[in-house]
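Engineer: Position chain B relative to chain A; hints supplied.
Heads up: the protein sequence lines correspond to chains A and B, in order.
Position 70 of the first sequence, counting from 1, maps to 70 under UniProt numbering, and the rest follow consecutively.
Position 147 of the second sequence, counting from 1, maps to 147 under UniProt numbering, and the rest follow consecutively.
Keep in mind the hints are simulated off the structure, nothing from the lab.
Check the hints yourself; a few may be wrong.
[Claimed, not checked] Non-contacting residues of chain A with respect to chain B, defined by C-beta distances greater than 10 Å in every case (computed): (1) PHE17; (2) GLU22; (3) ARG53; (4) THR60; (5) SER68.
[Claimed, not checked] Listed next, the in silico EDC-like pairs over lysine to aspartate or glutamate satisfying Cα-Cα at most 16 Å (straight line): (6) LYS477(B) with ASP378(B); (7) LYS405(B) with ASP424(B); (8) LYS128(B) with GLU503(B); (9) LYS92(B) with ASP259(B); (10) LYS75(A) with ASP247(B); (11) LYS75(A) with ASP424(B); (12) LYS405(B) with ASP70(A); (13) LYS49(A) with ASP70(A); (14) LYS892(B) with GLU922(B).
Since the model is a prediction, treat every value here as computed from it, not as a measurement.
Don't be surprised by glycine CBs; every beta carbon is placed ideally from N, CA and C.
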Amino acid sequence: MQLFPCPFCGPREESEFHYGGEAGNLRPDGGDVTAERWAGYLHMRDNPKGPGREIWVHLTCGEFFAMSRDSVNHKVSGSSTLGKSEHGA
Amino acid sequence: MSASRLADGGSDIDRARPLSFTFDGRRVEGFAGDTIASALLASGQAVVGRSFKYHRPRGIWGSGVEEPNALVDVESADGRVPNARATTVPAKDGLVVKSVNASPTALADRNAVLDRFARFLPAAFYYKTFMWPDWHLFEPRIRAMAGLGVVDRDWKPRQVSAQINHHCDVLVVGAGPAGLAAAAGAAAAGHSVILVDDRTHPGGSLRHRAGEVDGVEGTAWAEAIVARLNSGGHLMLSDTTAFGLYDHNLVALNQRHHDGRPDTLWRVRPRRIVLATGAIERPVPFANNDLPGILSADAALAYLRRHGVLVGREIVVATNNDNAYEPASALAAAGALVTVVDCRREGGAQMGTGIRVLAGRTVAAARGHNTVQGVLLDDGTTLVADCVLVSGGWTPTVHLFSQAKGKLAWSDQLTAFVPGEAVDGIGVAGALAGTVSLSETLASGTAALDGFGSSSSPVPHSTGVEATLGVVGLWPKPKAKGRVWIDYQSDVTAKDVELAARENFVSVEHLKRYTTLGMATDQGKTSNLNGLALLAEVTGRAIAEVGTTTYRPPFTPVPFASLAGSRRGSMHAPVRRLPLEAKHRAARGVFQEYGGWLRPACYGNGEARAAIQEEARRARQSVALFDGSTLGKIEVIGPRAAEFVDFIYYNTMSTLNPGHCRYGFMLSENGVVFDDGVLVRLDEHRFIVSCSSSHVAAVHARLEEWRQDRFGRDAVYIHNATAQYATLTVSGPNARGLMEALDLGAALDDTSLPHMAVSAGRFAGDEVRIARVSFTGDRSYEISIRADRAEALWERMRQEARAFDAVLLGLESLMILRAEKGYIVIGKDTDGNTMPHDLGVAGPRTKRTNEFVGRRSLFTEAANRSDRNQLVGLAVREGEAPLATGAHGVEKREGRPRSIGFVTSSYQSPTLGRPVTLALIERGAARHGETIDVQHLGVVRQATIVAPCAFDPEGRRLHA
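Same shape as in the complex, but just chain B:
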C-alpha cells in the first residue's frame, strides 16, 4: 500500500496547523482536522493493528464508527483511552498512540505465528479443547493472548463527567442531508430542535459525496443550516453519539470534548425523534479480504476529499453497485490507476471517467503479505494493485430504530434490512430509510417530521447530479476457497459460519454466540449482514427468514465514567451518617457500614477483637453508653391507629397501655417473620414503631401500603421520624445511677418507670423521651432527643459517666451482649422460613381471633410441620472455641449425612468465659439437652442443644 498525502485538497484539514504524534513509537505527521486514521494513512502506515484471535495484520478499513480494525490505545495529558477507533479520534499534537493486541508493534507482532495454526483454531476451538481438567487453568494465558487494549489501572478521573437532562420538541440524530432537512423543517415550524452528529463537522455524506442543495454546494449548505439553527436558539451537538434509545423515547447521548473535559452524558426526552443515521458500506467477500490496503470505497473517497489523502496508486475497486463509481473516478482524477471489478453483467462503465471497468467479474482472492499486492479474479486473471476498495452495498444504520422495538423489513432492491412499520414518535429518513438520490433523501427528512413540520416552509431540493444504486446481492458463498473474512474484529471467517450451521447453530442468536460474529466492540457494523446472508444460503432460507440479532445500546462504546457521572466512589451508594459521627470519631470509633449506616463497630486504637471483648465485659460491670440513633422511629397516629398496629403486628398491641412498650414481630403475608422491635404507645391514638435499623424504609413502605389500602388515608397517619431523633442508650447495673445524675426531670423509680415503660423528660429546654427497653439484658434507658441537639446531651452523658467507669459500646460488643441473652437479629438469626412459633412465640398464633398480616399462613401444612427449624442455643464442650457462624448441624440418615439446621450467631462471651451460640435446628425446641454434630469446612464438633438465653435467664438484671 502506498497511501500518501496530496499536495492540496482536504476540506477537514488545516494545512497551516501541522501536528505530530507517535504510533507504536514512530513519529507520525498530520494536520489539524486529521483523525488518527487519516494521519496514519497519509504517513503510509498500512498495518495498524493485529486481529483479536489470529493476530493477523490489519489496516484501516473505514472512515468512521464502523471501523472494525484500527483499534488503538490513545494516551494524552487527559489520560489513556483503550480500544479507541482511530477513525473517530481527532489527531492531536503529542498523542501517544499504540496498536492493540500487538507486541512490540503492529508490524512486528510476536504472536503473528498463531495465524499459521488457524486451520486448527476454528470457532469454539478454545472451549472445546481446554475443557480438561479445568478451563480456568488455561484461561489467564489465553485471555492475555486474546486481549485488546490495555486498561490503565491507575487511572483517576480528574473531573466528574457532567450529566444533563434535557427536552425538546424534535431531536434529530444525524446531520447528513436528511437530518439537516428535518432539523431545518422543524425549526421553521417553530419547534425547539436538538441536532446531534457523531462527527465534528455537519454534512454527513455531503462532505465527501457530490451534491448541491438549493443551488449551493453540499458542505456549504450544511454549514449554513447549522448556523441558522444556532442563531435560532436551537442546539447542535457535534462529536456527540446518540448511543441508546430507551423506553418512552428517551435518547441517551454521549458528547466528547476537545478541551480535556470528560465526556458528557445527555438524557433527552423529545416529543418527536427523527433518525437520520445513514448507512454503512459493506465489505465484499473474497479470500484474504482482510489484508491491509483493502478499504471501504466510501472511506477512500472520504479520505481523499476530507483529508487530501490518496489511498493508493494502483487501485482495484470490487463492487456490486453504482455508488463505487464516484470514488473510482475521483481517485483516478487524483492520479491513481483505477480498475473497477463489477460483478454486474452490464457494469457501470458509463458512470465513471478515467477508469477501466471489468463487468461481470468478481474478485476471488487478494494476494499479498502484510499489505495487499494484487487480486485474483474469478476467471483466473490477476491484477496488480497496492490498494483494493470494496463496495458491497449499504447497510442502513437501524440500531436506534431497532432499540425502540421497531421491526425491520427486508428490501430486495437495497439488499438490506430497512425500518419497517413506524414506531410512535419516531420518524426515519435518508439512507436509513433506504433513500438513494439526494432529492429523495432531503424530502424524506422533511417527511419524517410528521406533524412537527410546516407545510408552508419550502423543502430543500437537490440541484446537482443524482446518485443511483442498482445494487445486486454479492454474498459470501459456502465452500469458497481460502479464508473469506466476515467479521474482522472477532476474526470470524465464512468457514466458521458454515461450521456453526453444520453443528446446528442455525438460529441467528446461536450463530452469534457460537462464532462471536458481531460480538466485538464494533458490534458487527460491517459484518452482520454478510454473516446472515451466508447462514441463509447454507441453511436454504431467505435472509429475511434468518432475521437479525437483537440490537442493544450502546451503539458505540461509552466510557463508564460518563454513565456513572457523580455516582462514583463514596457517592456510588452513599452511606447514612449518625448525627454524632464526629463525637464517635473523636472517641476513636472504628466505623463500618451496617445496613446502609456508618456506625462505630468498636472504639479505640487497639486490636479490634480485644477491644470488642473488653467493651462487652465492662458493659456488664457498671454502665455502658451506646448510640442507637439508627433504630426506626415511625410514628403511627390517628383514630384507627390501635386497630392498625393490631393488624400489622403478630402480637396484640391494642391492649398496650399508654406510656408503655411491647416487643413484637411483624410478619409477611407468607407468615415469615419480617421484622421485630418495640412498639411504644404514647397515648390512645399515637404509637411509635421502633423497627430494625436496616429495615426502616421497608417497614415504612409496608405500613403505608396497608394504611392506604385497608385503613384509609384519613384514619391513620404515618410519619417516619427516624432521622429526626437521636437515640442514646444507657445500659448496665449502674444505669439508673447515671440517669439520676443526668437529671432529666423524669421520675426514674421502678413504679413510675418500670421495665417496658416510657416517660418524658427535658434536657436543656428540649423534651426528651425516655424508654426503658433493653437489647443487652441489663437495665437500660433509651433517651431520644432532637438530632440537632443530641451532641450536648451526649457530652453531658460522657461527663457524668466518668464517675461510673462507663464504657462506650460499639455495635460488635452489643452483638455479643444480645447473643448472651438469646435476643435475635432478624435476617441473621432467622431466615426466609422462620415463623414466630419457631422462635418460641406461639401465643398470638393460638390465641388471637382478629385479623393480622400473615395470619392464615401460620396454619398451613408447612407451618404445622413438626420438623421445622427452631431457635436454640448451642453449648460447646468445656474450653472449646466458638463454633463458626454458618456451620451446619448434621446427622446421618440411612448412612448419608444431612443438614439439620445451622449456626446463626456465635461469639466468645467475656462475661461467661465461654462461647455463646444461637442456631436454627430442626425440632430444636424439643431437643434441649441433646448433643448433635456440627460440621464446618470438613471438621465435625459436638455441641449440646440448650435454651437460647445463656445469661441471666430469670431476667433479674433487667430490674436490678
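The shape of chain A in the complex, shown without the other chains:
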C-alpha cells in the first residue's frame, strides 16, 4: 500500500487515488488535427520504466494533480498542483 502526497490533503493511502494518465499529453484542439497527432494523444504512451510524471486524482477531495513517481521502485519524489493544460487522460 503506497502513500501518495496529495498537494491539498497531504499523504494518503493509494486506495484513495485514481490514475489519470501521463503528464504532458496535451490535447490537440481543432478540426485540422492530423489523424496521427490525434491517435498519439489518444493511444500512444511513453510508459517509462523508472522516473515519470503522472496525473492523479485524489478521489476524496476531487483534485487532480501531478506526481513524480518511479515505476520500478515505486518511490514518490513529489507532487504538485496542475498548471494550465497539463491534461493527462
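Structural biologist: Quick look at chain B alone, frame taken from chain A:
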C-alpha cells in the same frame, strides 16, 4: 519412534494444568503450554498425517511455522480451522483434532495404496494423463483424493475480525535475541516501538538454545526486556505474524487470540523496520527422508527444553554443521543413545558430550515402515534408530525482506541466500542477516536500528558459550538411489526435479510450477533451497545463478475473515439506498440492485413477469408514479458554465434558454457515446447535468477533470447534488391532471411549462423543481425535492393518484416503456464502438464548429465507415415471442455465416400486443424494411428492420 514426556523439564508447559483433546478420535493428554504437536509427540503419536499426493505417512518435522507435514483440522467451540500447523496451535482442553488427507485416520489411511504406484505418478502425471477426452471429467475425483483440510461450509463468524491501523517509530519483527536487542535499543533512544513475534513467549532461540546475556540466562533476559518495553508504553504483540511487507514499508500483521476472538489484522506504518526473523533448519537429503520419526534437530531440542519431550531413545543425528551438537548432547544427557553422522571429515566430536560421532559419513537411506527404524550409511553400515534428527544448515527467513524487493546474495560460508544490498527504511539482524554467535546476533540487532538507536545506551552482550557453524554443502545429488524427498508437503522428490530439468523446465519459476515445489501451504520454507541446489547441480550452474522464486505475502496462511474484517456480507459492496425505500417496501416493492442502487424492480406479491406487464400496460392508460431519485443531478455553475457544457456535450448546449432542458450525449475522447441525459439550464450561469443513474460518479469525475484542466478552478464550480434530492416522476395521459391536484403552485399550462421546460413550485414550504422531460414517451413531470422531505410529497402523490387509477412503476416496466419509444440505455443499447451518428444523431457532428470532447474522433476513417452498426428496431413475425437479448443478426458471406450485429433490448409490449426490439445492426439505418436472420443458441428466426421507435412515432402523447 518412541517419543515420550520426561518426568521434569519444559519451560513452556505448566504441569499443574493438565488438558486433553482428541486426535483422529483418540484421546491425547498434555499440559497447558503444549502445542498440539508437542502433546502428540509426548503421547507417542508418530504418524500425524498423510502426504498430499501419494498419501505417504508423515510425522512431525519441525517446531514452528516451517512445519511441512503436521497439518490438522482443529475444531473447537470457536469453530473449525482447516490446515492448521500442529506445531503452532496451542493445545486446549476439548479440541477435536483431525489429520488431513487421511481417511479414516492418519495411521490407517485407505488411500495409502497410492504410494505403491508412485513410480507411475511423476511430476505433471495428472496433467499429462487425463487430457483425453476432457480433464474436467477426472478432476472432481482427483481433487477429492488430493485435498487437504476440509472447509466447514456452514461456518459463520460469530464476531467480525478487528482491523487496526497503527504507526510507530520502529517496528521489530521477531523477538529473538537480535529483535530484542533492537527493540531495547530503539526504546532506549526514545522511539516508540512495536515488537511482534509469532510465538506466545518471547526469546526465539534463547528459549531452547544455550545463551547468557549480560550475565543472565537467555530466557530470563528476554522476559526482562519485554517487561521493560511494556512498562515503557511500547507494544509487544505475541502470537502475531508479520505476514506481508508492502509498498512504502507498510507491514501487515495477523494477531491470534486465545480467548475465542477472531484474528486481528494490523496495518502498521513504522518509520523504520527491523527484520529479525531468524532462520529455518534444512532437511538432509537421503532416501526415505520423509519417514515419521525424522525431525529437525533444532525442533528436537525445542521439544526437549520447552515441552519436556524426548523425541526418541536411540537417535541418529545427520548433519553438516556444528549446530547439531547441542541437540545431540542435550538428548544424550536426557537419556537417549545418540550417534552423530557428520558429513565433514573432521566432524565435531570435541563439541559434544556423551555421544558417538561418525565423521566423514552420510546417511544414504532411512529404513522403516510407518516410522523410522534405522539408517543405512554411505559406506553400507546400518544403524538402528527410533528417531533420526536432521540438521542440514540454516535458511535465513528472507521472506519479508524479499517482499520489500530486497535483493538476495549467496553466501558460501552459510550455504544460503542472505539479504543483499540494504532496502530504504529496513534493517536486518540476527540469523536472517547470517549471524551465528550470540554476541554477533545481539550486536546486529542494535546496528540494524541505523539512526533510530542511541549511541549512549549499552549494547547487550553475550556472556556465555558462543555457537559456531562450520557448515558445508550437503545437497541432494542427481541419480540418487531411492526416493529423496525435497518438498514434503507437495510430495516432490529429487527425481521430479531431475525430470523437470530433463524436460527443459530449467528456470526456477518453471521448476516450481511444473513440480509444485514450494507451492504448498508452507510455501517451501524447508524445501526450496534443496530444490534449487539440485536444479543447479543438474543444469551445471551455481546456486546463486539459479536464484530463487519470488517471495509473496502472506508468509503464513491468513484467514480470509481477518483480511475481510467488516467488509463482508452486505458490507462487502454496500448498496446505495433510496430515500423512500421504506415507502416502496410498504407498497410491496421487489428490490434489486441496479448500478449500485437498490431499487424496486416491480411491485406486488404476484409473479414478477405478470406484474411488470401490468405496470407497463396501465402506465399508458392513466398515470404512473415512478421514483427516479437515482438520476444524476450534478450542478455546473459559474461564468464559464455555458462554454463548459458546450465542450462537455456533443450537442450545442450554450443556446439553451434558461428554464429549458435539452437531451444530449457526452462522448469519450475516442468519440464513443459515454453517457446520455438531459441538461437543465436554470439560469444564465447555472446548469444541472442529469446523467445516467449508474454513471454519476464517472460523469462527475470527468466534469471535474475538464474543469480543473481546461477551464480553471475559479471559472466553473461543480457540485454533485444527486443524493441531496429525490426525484419523483408523474407520467401518463392524466399526468397533468394529477399535477394540478398536487397544487405545487406552478403554472402547468403548455405555454408556461411546455415539454422540455422547467419551473419552480413549492410543497409544504420547500421549493421543488418541476421538469417536463419524459423517458416513457408520455407526458411526464419530474419533481425534485429535498431528499429528507420527499416522503410527505410521495404520500401526497399516492393519495391524489387514487382518483386517477394510478400505478406504481418499477424499473423493469419503465424499461418496457422506454424501449417501446426507442429510447436507449447507454451501455445496453450501445457498446464500446457506438458513436452518436450510429444512433441517428448526426447533426452536431456536421454542424458544430467549436471544440467538444471526442470531436476529432468522429472524423477518423473508422468513424466514417459505411458498415458501422447502427441503432434500429426489429419486428418479429406476427404472433412470435420476443427475440433473445444478445441474439446475433447473421448473414452468409462466401458460404460462411457472420454476425451483422446484435439485439440490445427486447421486451413484450403489453400496449402494442407484440414484442419490441432494439438492435445494433450493420448499416441498419439504411436497411429499414429488410428482413434478416437472427440467431440465438442455434435457432434462426427472421426479423424485419424497422425504426427504433415502435410506439407513437409522431410524439403526440408527449403533449397530450
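Engineer: Please verify whether LYS75(A) and ASP247(B) have alpha carbons no more than 16 Å apart.
Structural biologist: holds (9 Å)
Engineer: Take a quick look at whether LYS405(B) and ASP424(B) sit within 16 Å of each other, Cα to Cα.
Structural biologist: holds (10 Å)
Engineer: Holds or violated: LYS128(B) and GLU503(B), Cα atoms, limit 16 Å.
Structural biologist: Within the cut-off at roughly 13 Å; holds.
Engineer: Is the claim that PHE17(A) lies outside the interface with chain B correct, judged by CB distances over 10 Å?
Structural biologist: holds (12 Å)
Engineer: Next pair to validate is LYS892(B) with GLU922(B); report whether the Cα-Cα distance is within 16 Å.
Structural biologist: Between LYS892(B) and GLU922(B) the Cα gap is close to 14 Å, so the pair holds against 16 Å.
Engineer: For ARG53(A), is the shortest CB-to-CB distance to chain B above 10 Å, so the non-interface label stands?
Structural biologist: Holds, since 15 Å exceeds 10 Å.
Engineer: Checking the smallest CB distance to chain B, is THR60(A) really beyond 10 Å?
Structural biologist: holds (12 Å)
Engineer: Taking only the CA atoms, is the gap from LYS92(B) to ASP259(B) under or equal to 16 Å?
Structural biologist: holds (11 Å)
Engineer: Does the alpha-carbon distance linking LYS405(B) and ASP70(A) stay inside the 16 Å limit?
Structural biologist: The given pair, whose Cα atoms are some 14 Å apart, holds under the 16 Å limit.
Engineer: For a C-alpha distance cap of 16 Å, please report whether LYS477(B) and ASP378(B) respect it.
Structural biologist: Measuring from Cα to Cα gives roughly 13 Å; hence the hint holds.
Engineer: Please confirm whether SER68(A) is truly not at the interface, meaning its C-beta sits more than 10 Å away from all C-beta atoms of chain B.
Structural biologist: holds (15 Å)
Engineer: Compare the distance between the alpha carbons of LYS75(A) and ASP424(B) with 16 Å, and conclude whether the hinted pair is satisfied.
Structural biologist: holds (10 Å)
The structure shown violates none of the earlier numbered hints.
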